[in-house]
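**Q** Each chain, letter by letter, is given below.
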Amino acid sequence: MLEPFVEAIAYMFGNPITFLLIIFAVIWGIAFGSVPGLTGIVGVALLIPFTFVFDPTEGLLLLGGVYVGSTFGGSISAILFNTPGSPEAACTALDGYPMAKRGQAGKALGIALSASAIGGIFGTVVLTLLAPPMARLALSFGPPEYFALAVLGITAISGIGGGSLLKGLTAGLLGLGVATVGLDPITGMERYTFGNLGLLTGVSFVPAIIGMFALAEVLQRVSESHRTPEATAKVSTQLPTLRELLATRITLLRSSTVGAIIGALPGVGATTAAFISYSEAVRWSKHPEAFGTGVAEGIAAPEAANNSAVGGSMIPLLALGIPGSATTAVMLGGLTIHGIIPGPLLMQQNTQLVYSVFLGMMLANVLMLLFGLPAARYFALILRAPYALVGPAIVVLCMTGVYALNSNPFDVAVMLIMGATGFLLRRLQYPVASFIIGLVLGPIAELSLRQGLMIVDYSYWAFASRPITAVLLLAALASLVYGFYGQYRRHRARRTAVGVMSIPPAPTNGATSGGVREGAQPP
Amino acid sequence: MFSMPRGTAPTLAAICALALTVAANPTRAEAQTYPSRSIEVVHQYGAGGGTDRFIRAVGVPFEDVTGQALVPISVQGGGGIPAYANFRLRRSDGYALMAIGPDQVIAHALGRIDINTLMPLARVQYDQGLFIVRSDSPFETIHDLIATAKADPGAIKVGITGAAGFDETLVGLWNLRSGAEVTAVPFGSAEMVSNTLGGQVDAMYEEYGPARGLLESGDLRALVVFSEQRLPVLPDVPTAQELGYDVTLGRWRAFAMHADADPDHAAVLVDAIAHAVETDSYKTFEAQSALQYRSVLLGPSDFRAFVDREAEVYTAVLTQLGFIQ
Amino acid sequence: MGKAIVNLAVAGFFFLGSIWLWYIADGFPTSPRYSQIDTDYWPKLVFALMALTTGGQVVSSALSLRAELKAWNAGLAPDTGMPSAQSMFIFLRVIAMAVLIMAYYFGFQYLGFSIATVLFLWLATFTVSFRNAAVKILFAPLFTMALALIFTQVLALPLPRGVGVFYDISLLLY
Numbered sequence: 000m001l002e003p004f005v006e007a008i009a010y011m012f013g014n015p016i017t018f019l020l021i022i023f024a025v026i027w028g029i030a031f032g033s034v035p036g037l038t039g040i041v042g043v044a045l046l047i048p049f050t051f052v053f054d055p056t057e058g059l060l061l062l063g064g065v066y067v068g069s070t071f072g073g074s075i076s077a078i079l080f081n082t083p084g085s086p087e088a089a090c091t092a093l094d095g096y097p098m099a100k101r102g103q104a105g106k107a108l109g110i111a112l113s114a115s116a117i118g119g120i121f122g123t124v125v126l127t128l129l130a131p132p133m134a135r136l137a138l139s140f141g142p143p144e145y146f147a148l149a150v151l152g153i154t155a156i157s158g159i160g161g162g163s164l165l166k167g168l169t170a171g172l173l174g175l176g177v178a179t180v181g182l183d184p185i186t187g188m189e190r191y192t193f194g195n196l197g198l199l200t201g202v203s204f205v206p207a208i209i210g211m212f213a214l215a216e217v218l219q220r221v222s223e224s225h226r227t228p229e230a231t232a233k234v235s236t237q238l239p240t241l242r243e244l245l246a247t248r249i250t251l252l253r254s255s256t257v258g259a260i261i262g263a264l265p266g267v268g269a270t271t272a273a274f275i276s277y278s279e280a281v282r283w284s285k286h287p288e289a290f291g292t293g294v295a296e297g298i299a300a301p302e303a304a305n306n307s308a309v310g311g312s313m314i315p316l317l318a319l320g321i322p323g324s325a326t327t328a329v330m331l332g333g334l335t336i337h338g339i340i341p342g343p344l345l346m347q348q349n350t351q352l353v354y355s356v357f358l359g360m361m362l363a364n365v366l367m368l369l370f371g372l373p374a375a376r377y378f379a380l381i382l383r384a385p386y387a388l389v390g391p392a393i394v395v396l397c398m399t400g401v402y403a404l405n406s407n408p409f410d411v412a413v414m415l416i417m418g419a420t421g422f423l424l425r426r427l428q429y430p431v432a433s434f435i436i437g438l439v440l441g442p443i444a445e446l447s448l449r450q451g452l453m454i455v456d457y458s459y460w461a462f463a464s465r466p467i468t469a470v471l472l473l474a475a476l477a478s479l480v481y482g483f484y485g486q487y488r489r490h491r492a493r494r495t496a497v498g499v500m501s502i503p504p505a506p507t508n509g510a511t512s513g514g515v516r517e518g519a520q521p522p
Numbered sequence: 000m001f002s003m004p005r006g007t008a009p010t011l012a013a014i015c016a017l018a019l020t021v022a023a024n025p026t027r028a029e030a031q032t033y034p035s036r037s038i039e040v041v042h043q044y045g046a047g048g049g050t051d052r053f054i055r056a057v058g059v060p061f062e063d064v065t066g067q068a069l070v071p072i073s074v075q076g077g078g079g080i081p082a083y084a085n086f087r088l089r090r091s092d093g094y095a096l097m098a099i100g101p102d103q104v105i106a107h108a109l110g111r112i113d114i115n116t117l118m119p120l121a122r123v124q125y126d127q128g129l130f131i132v133r134s135d136s137p138f139e140t141i142h143d144l145i146a147t148a149k150a151d152p153g154a155i156k157v158g159i160t161g162a163a164g165f166d167e168t169l170v171g172l173w174n175l176r177s178g179a180e181v182t183a184v185p186f187g188s189a190e191m192v193s194n195t196l197g198g199q200v201d202a203m204y205e206e207y208g209p210a211r212g213l214l215e216s217g218d219l220r221a222l223v224v225f226s227e228q229r230l231p232v233l234p235d236v237p238t239a240q241e242l243g244y245d246v247t248l249g250r251w252r253a254f255a256m257h258a259d260a261d262p263d264h265a266a267v268l269v270d271a272i273a274h275a276v277e278t279d280s281y282k283t284f285e286a287q288s289a290l291q292y293r294s295v296l297l298g299p300s301d302f303r304a305f306v307d308r309e310a311e312v313y314t315a316v317l318t319q320l321g322f323i324q
Numbered sequence: 000m001g002k003a004i005v006n007l008a009v010a011g012f013f014f015l016g017s018i019w020l021w022y023i024a025d026g027f028p029t030s031p032r033y034s035q036i037d038t039d040y041w042p043k044l045v046f047a048l049m050a051l052t053t054g055g056q057v058v059s060s061a062l063s064l065r066a067e068l069k070a071w072n073a074g075l076a077p078d079t080g081m082p083s084a085q086s087m088f089i090f091l092r093v094i095a096m097a098v099l100i101m102a103y104y105f106g107f108q109y110l111g112f113s114i115a116t117v118l119f120l121w122l123a124t125f126t127v128s129f130r131n132a133a134v135k136i137l138f139a140p141l142f143t144m145a146l147a148l149i150f151t152q153v154l155a156l157p158l159p160r161g162v163g164v165f166y167d168i169s170l171l172l173y
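Quick mapping for you: the protein sequence lines, in order, are chains A, B and C.
Numbering that gives the first Met the number 0 applies: residue 0 is where the first sequence begins, and numbers increase by one.
Numbering that gives the first Met the number 0 applies: residue 0 is where the second sequence begins, and numbers increase by one.
Numbering that gives the first Met the number 0 applies: residue 0 is where the third sequence begins, and numbers increase by one.
One chain only, chain A, in its complex shape (with noise of 0.2 Å):
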């Protein structure tokens, strides 16, 4: 049993390239993750020519570490600048920007590296133990429980800050509706074009988070008076003790499994577990309105969810040879340039790769762990420098990166766009998180519910009968109601409490508050 396991060291030992391989491609995937624009897919494809010398153990490695590092490296930017620099790393943005604005960085990045760590170990080993049984399990994930499992994930939009249900309600549908801009998906008709050709390739989630959150932020800050302290200023990473770590241990676990699970089934990845498992924190949480100002819980979820889910799409990759994710669909390429056949027999056949890939993986979660400590601090730096070369230098790269991309102004354009939305959503009091969910889960849920509604010979009741499929749909409507039920009543509890203090005592005493506001103070 153990024996492949002692070939691929004797192999990684007897090839001393490999750890230095895996180093690099670390670093080099912490690079790629933190700049705006450039994902880890770009980190990853540039990669590929220069796998050609080596062989294809050593080049899948390489790929591979790009694709942890990069997972952690766009909760660097996320938490200290508030742009994301990948889009699995828009969920961290949420609570880690606000609790790094409380001159908390240092805890932010440090949760940040350790839920990353422990997700990525934790997909790692169910890569390692159950590769081929959850290949099996994500096969009997057909469109509608891809339908039912988008529908989860958008429900909790419901829950998510402490504002208005309707708002955030509005806001999650206005992301549905943004996502539908471009080619229709199945029958290939422009929607929403307006005849504009810059429209046909619609609103691409990475550019519009990336203006969302970083330009966004960027005008926010120039609104605000430029004497507010610089709270982020001191930063060095410092790692949750023990306690706080085990006080979030439930989450810890139920993001990674989550994580490893959506990480597995072909077409959606890293990004997506991270939307659903933040989701699932805010749905699962005691205090779901305090999700956004910077709760522990907000940074750990998503940031485990999305390093489990790098271990959790190797599993289709290794064990069926059909990619779990985009990056991993860019790393077949790569596999396939060397001549390996991916496919059910590549586990037999080729061990020594399979194994050493899957003590790589390990060691590379372990090594992202130790470069992630001084590369946050490196970033931190960058903090101190005055705000008017660092937003305007932010501006710039996100413009380069984003064109960088795709050749394609119009994404520039949209990121413009999704700017000057996100900052008046903002002042609206429109929560952007819902929005951003809306946009990202949105295309998944239409998609899969047309292809299911095709496959099951358009009977609804066929579609929602199956079994994961009425399991998680039913879980989603009862956590709808749920959501309502308690939004009613702290609605209530604040009515009650201002029904008490807003009768003043007198008409000439100057009340404080101008007519009847929620929350108002007690005079």
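Keep in mind that the hints were calculated from the coordinates and are not lab data.
No experiment lies behind these values; they were computed from the predicted model shown.
Please note that the accuracy of each hint is not assured.
As the list claims (entries may be wrong) - Heads up, incomplete: computed chain B residues facing chain A, CB under 7 Å, no partners named: (1) ALA46; (2) GLY78; (3) PRO81; (4) ALA84; (5) LEU88; (6) PRO152; (7) LYS156; (8) ARG176; (9) GLY178; (10) ALA179; (11) PRO185; (12) SER193; (13) LEU196; (14) ALA289; (15) GLN291; (16) ALA310.
Stated by the list, open to error - A short, non-exhaustive set of chain C residues, derived as facing chain A with CB atoms under 7 Å: (17) VAL9; (18) PRO42; (19) GLN56; (20) THR116; (21) TRP121; (22) THR124; (23) PHE138; (24) LEU141; (25) LEU156.
To be verified - Computed cross-link-like contacts, BS3-like style, restricted to lysine-lysine with a CA-CA straight-line distance of at most 27 Å: (26) LYS69/C with LYS100/A; (27) LYS69/C with LYS2/C; (28) LYS69/C with LYS285/A; (29) LYS100/A with LYS285/A.
The beta-carbon is built from N, C-alpha and C at its ideal position, and this holds for glycine as well.
Please arrange chains B and C on chain A, whose structure you already have, making use of the hints.
**A** Same frame as chain A, but now just chains B and C:
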């Protein structure tokens, strides 16, 4: 007026002179032999995908022959229209190529682009697809599938990739020519395979290369191949032609220039590409992607004739399918 | 109260918008083969739901506005929500930065990467206050050059070249 440091005026003058020289003489770069810098190849697929790797695979021996690299530029999405628009905005100076395939012909048939603005250079790869089912499917041979489809038209679900693209056209052509009507369900390529393995759809349409691992392991079974001849690696799988249905469409990858580009440049490129695809490194790549079966290099005139024939077929099929009113 | 009015206006805008978008979806070209889950299936679903939620918002913000008006009539001092001079200035700064970013976007395509980035950085760093002007002047070209080098040499990723004479200048630079 504020005072400037001493050397500013002459430096500024030099920069202006330089700029004017460059502006007045745009072909200065071409004073040396063509090509004198790297050539950018625009394509509509993602970084690291099949077309990206194709360009790089041709680019390596191309660089040995010409000294210049082929750089893939990915402009994804929008049915290939943004890629085409990006290509059209570039100058016809011979340093911009486009990697084209059936999707461009389909876009032309649908009236979204005008393929006559492109000069076909060389068709390099020509693939062939198959109908594939999972190993425990009730369809043992293609005849089982045809029988079921004729008895219950549209009941059999075949997974495809893309929307209103090549796969859908091919399945449409199959339906028309064979009378065995199946329903095409669009997926992303990874989900298409997993849904077929998992039994969510009855069959899928895929090229041999991407499905090779699962075919060899026995988890998938091929029923029919859409080509003029049987594949040597699948000797028992009949072609659609043998069954009496003339469906031989396949995905192909080729290079094109601007229609108004310099013919001398075109000749240089065709020559370089022809040399590049004969090299061992490219042949190895071709074999790895299982593309060696009918990938015959077509030069400009043969390729243009091929494109015209394809355009006719696609227009006819798309009209009958209702995509063209 | 200004806030309540804005809320009502925005809700109303979204409400009318969702109905309008629903009607546009109704006019989408149909596909012969996917008639039961056609191009307009999902957008109509989404915008119908949005009309519901925004309709609810219109009602709820109208109610709270009415409550505020009643309180105003009852003699309590309202919060007029009028912007002060200070916030006007900040508002203008935001607009300036937004306009600058848009100009950079267009410059990116017409002037090419290097020129547009240098100009943008010079202008933008001067919009936000910071004492040391020399640093600001130097930062722009240095940062631009470093970025151009990394993107074109290390990463071999495309950078925009601009049109006309700027195209040729950019060829010189990278």
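**Q** Please flag the earlier hints that this structure goes against, numbers listed from lowest up.
**A** Result: hints 5, 6, 8, 9, 10, 14, 15, 16, 21, 24, 26, 28 break, sorted rising.
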